[in-house]
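A.B. asks: Top line first, the protein sequences correspond to chains A and B.
Residue numbers 1 to 239, in this note's numbering, belong to the letters of the first sequence in order.
Residue numbers 1 to 295, in this note's numbering, belong to the letters of the second sequence in order.
Only true hints are included.
Straight-line Cα separation of at most 25 Å, BS3-like style, residue types lysine-lysine; simulated pairs:
{"no.": "1", "chain 1": "A", "residue 1": "LYS46", "chain 2": "B", "residue 2": "LYS207"}
{"no.": "2", "chain 1": "A", "residue 1": "LYS116", "chain 2": "B", "residue 2": "LYS207"}
{"no.": "3", "chain 1": "A", "residue 1": "LYS19", "chain 2": "A", "residue 2": "LYS3"}
{"no.": "4", "chain 1": "A", "residue 1": "LYS197", "chain 2": "A", "residue 2": "LYS46"}
{"no.": "5", "chain 1": "A", "residue 1": "LYS3", "chain 2": "B", "residue 2": "LYS207"}
{"no.": "6", "chain 1": "A", "residue 1": "LYS219", "chain 2": "A", "residue 2": "LYS19"}
{"no.": "7", "chain 1": "B", "residue 1": "LYS207", "chain 2": "A", "residue 2": "LYS58"}
{"no.": "8", "chain 1": "A", "residue 1": "LYS3", "chain 2": "A", "residue 2": "LYS16"}
{"no.": "9", "chain 1": "A", "residue 1": "LYS116", "chain 2": "A", "residue 2": "LYS94"}
{"no.": "10", "chain 1": "A", "residue 1": "LYS115", "chain 2": "B", "residue 2": "LYS207"}
{"no.": "11", "chain 1": "B", "residue 1": "LYS207", "chain 2": "A", "residue 2": "LYS94"}
{"no.": "12", "chain 1": "A", "residue 1": "LYS116", "chain 2": "A", "residue 2": "LYS130"}
{"no.": "13", "chain 1": "A", "residue 1": "LYS182", "chain 2": "A", "residue 2": "LYS3"}
If you are wondering where the hints come from, they were derived from the structure by calculation, not from laboratory data.
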Amino acid sequence: MVKLLDTYKTYDNGTKALKGVTLTIEDGEFVFIVGPSGSGKSTIIKMLAAEVRPTSGKVMVNGFNIGAIRQREIPYLRRTIGVVFQDFRLIENKSVHENVAFVMRAVGASPRAIKKRVPYVLDLVGILHKSRRLPGELSGGEQQRVAIARALVNNPSLIIADEPTGNLDPARSFELMTLLEKINMLGTTVVVVTHEKELVNQFEKRVVTIDGGIVISDKTGGYYSERMNLYYGNGQIQH
Amino acid sequence: MGKYSIRYFLHEGLHSIVVHGFMSFAAVTVIAACLLIIGTFSLVAYNIDVLIDSLEAQNEIAIYIDESYTREQALALEAQLRSIDNVSDVIFVSKEELFDDYLETLGEDAVIMEDLRDDNPLRDSYRIIMKDVSLHAETVEALEQVAGVAETNSQKELSDRLLQIRQVVNAVSYTLIALLGAISVFIISNVVRLAMFARREEISIMKMVGATNGFIRVPFVIEGVALGLMAAVVAFFAQWGVYRYIVSGLMQGIAMFDMVPFDAFALPLLGALILAGLGLGVGGSVLTIRRFLKV
Numbered sequence: 001m002v003k004l005l006d007t008y009k010t011y012d013n014g015t016k017a018l019k020g021v022t023l024t025i026e027d028g029e030f031v032f033i034v035g036p037s038g039s040g041k042s043t044i045i046k047m048l049a050a051e052v053r054p055t056s057g058k059v060m061v062n063g064f065n066i067g068a069i070r071q072r073e074i075p076y077l078r079r080t081i082g083v084v085f086q087d088f089r090l091i092e093n094k095s096v097h098e099n100v101a102f103v104m105r106a107v108g109a110s111p112r113a114i115k116k117r118v119p120y121v122l123d124l125v126g127i128l129h130k131s132r133r134l135p136g137e138l139s140g141g142e143q144q145r146v147a148i149a150r151a152l153v154n155n156p157s158l159i160i161a162d163e164p165t166g167n168l169d170p171a172r173s174f175e176l177m178t179l180l181e182k183i184n185m186l187g188t189t190v191v192v193v194t195h196e197k198e199l200v201n202q203f204e205k206r207v208v209t210i211d212g213g214i215v216i217s218d219k220t221g222g223y224y225s226e227r228m229n230l231y232y233g234n235g236q237i238q239h
Numbered sequence: 001m002g003k004y005s006i007r008y009f010l011h012e013g014l015h016s017i018v019v020h021g022f023m024s025f026a027a028v029t030v031i032a033a034c035l036l037i038i039g040t041f042s043l044v045a046y047n048i049d050v051l052i053d054s055l056e057a058q059n060e061i062a063i064y065i066d067e068s069y070t071r072e073q074a075l076a077l078e079a080q081l082r083s084i085d086n087v088s089d090v091i092f093v094s095k096e097e098l099f100d101d102y103l104e105t106l107g108e109d110a111v112i113m114e115d116l117r118d119d120n121p122l123r124d125s126y127r128i129i130m131k132d133v134s135l136h137a138e139t140v141e142a143l144e145q146v147a148g149v150a151e152t153n154s155q156k157e158l159s160d161r162l163l164q165i166r167q168v169v170n171a172v173s174y175t176l177i178a179l180l181g182a183i184s185v186f187i188i189s190n191v192v193r194l195a196m197f198a199r200r201e202e203i204s205i206m207k208m209v210g211a212t213n214g215f216i217r218v219p220f221v222i223e224g225v226a227l228g229l230m231a232a233v234v235a236f237f238a239q240w241g242v243y244r245y246i247v248s249g250l251m252q253g254i255a256m257f258d259m260v261p262f263d264a265f266a267l268p269l270l271g272a273l274i275l276a277g278l279g280l281g282v283g284g285s286v287l288t289i290r291r292f293l294k295v
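This is chain A alone, in the form it adopts within the complex (with noise of 0.2 Å):
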């Protein structure tokens, strides 16, 4: 479970990310982070990874105080929670097949493990037969496949899309949202953030917008347009 309560970040050349954000995401959710550049979308991203500290509030990621967390204790929050970047960052000189075993290794899995589970996540977002080839000999929409499958290969409770379509056509973004939405029915918990519009209208998620560092609007089944840098959810404009 995910929970930021009242939280504030700001950063030491003193921009104010976050001003007060209060959100809940339950296990199990899907659900998309959506408002314009600098509206403090990659800071909580950020935060939920450990890779910042709140200046204040709370922020509490599976069970895990970011606030309070020990540097020794990062590593085992982020067992815990899966990342996918926009530029999918698949190591250049490994194969599909060990990009994705190289992080089972890396908290300790043995071989034995790593040859069951390596081949069914590859199996899971479609990209198994490719398991031998290099991340370069792949189309965009592929490498991000990779990218999931070694965000869901340690089995964490939480995957986090940061602009995962970012690189990617039309076609192959809706591709990839199902797949995630695959994945979230399948029990991970699923925060996506974005700000393609026409993406997230085609998903009936929970959608929470920020900007300017707050919350504006937290809508279940809703959309957003970023018209008038006003928001909507199910329609409805809200304040």
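Go by the hints and put chain B onto chain A.
C.D. replies: This is chain B only, laid out in the frame that chain A set:
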């Protein structure tokens, strides 16, 4: 960190040495050279130590009789010499015996000195055996008081001079250990830095998926340690060559010293070099990793 990780750590650490082959080769060569220089100075200091100890343990003083004394007069001094405190034994050595001994030390070159036999430039002498080595100075003083004793010669002066040389060699050795040690750490840290930089993306992904800093660190420490150990082994064999063919030749040529045979300290030397290699490897890699991981 599971038991399955050991193979992974070894593979990653050693693979990186192969991938950065030239850099690794350069690092091993330079570190081995540093260890060799440190080792050579340490071995010179060690030999001087051994020599000083053996000289200090000698309880013998040689005295030379005035040239104007006849053989009979020289032999007559024995009773007087025996009466001196701290003298346990007195052995007369004629100048002919001394000449023969000298020729023996020259070996094959003795022929060129053979012509001097009839015009022997040496003097009759006595070997004085002391009861107590610590009373050396007093004994020498008493011997010099005896009429007819032209000169005393003990190893004490040589030993004192060697002590001074040892102090200089020690000072140079410590300076070299500090200086070359720092250079070696710097080199290893740069090789490891290069390896970490090449794998920065991998490291950031490992951190993101929950690998501990310890897990990320181990392959790089293994790389540093392996470089240090390889340098230690290279330095050991180089030291063997240098000691046998250069240092021992030089020392024997200059002063006819008996060098400690290499075999006598080969194992301790190998142990010391391996420890030094380990220390340099761990030191160099940990220094870099700390900065890189910001842990």
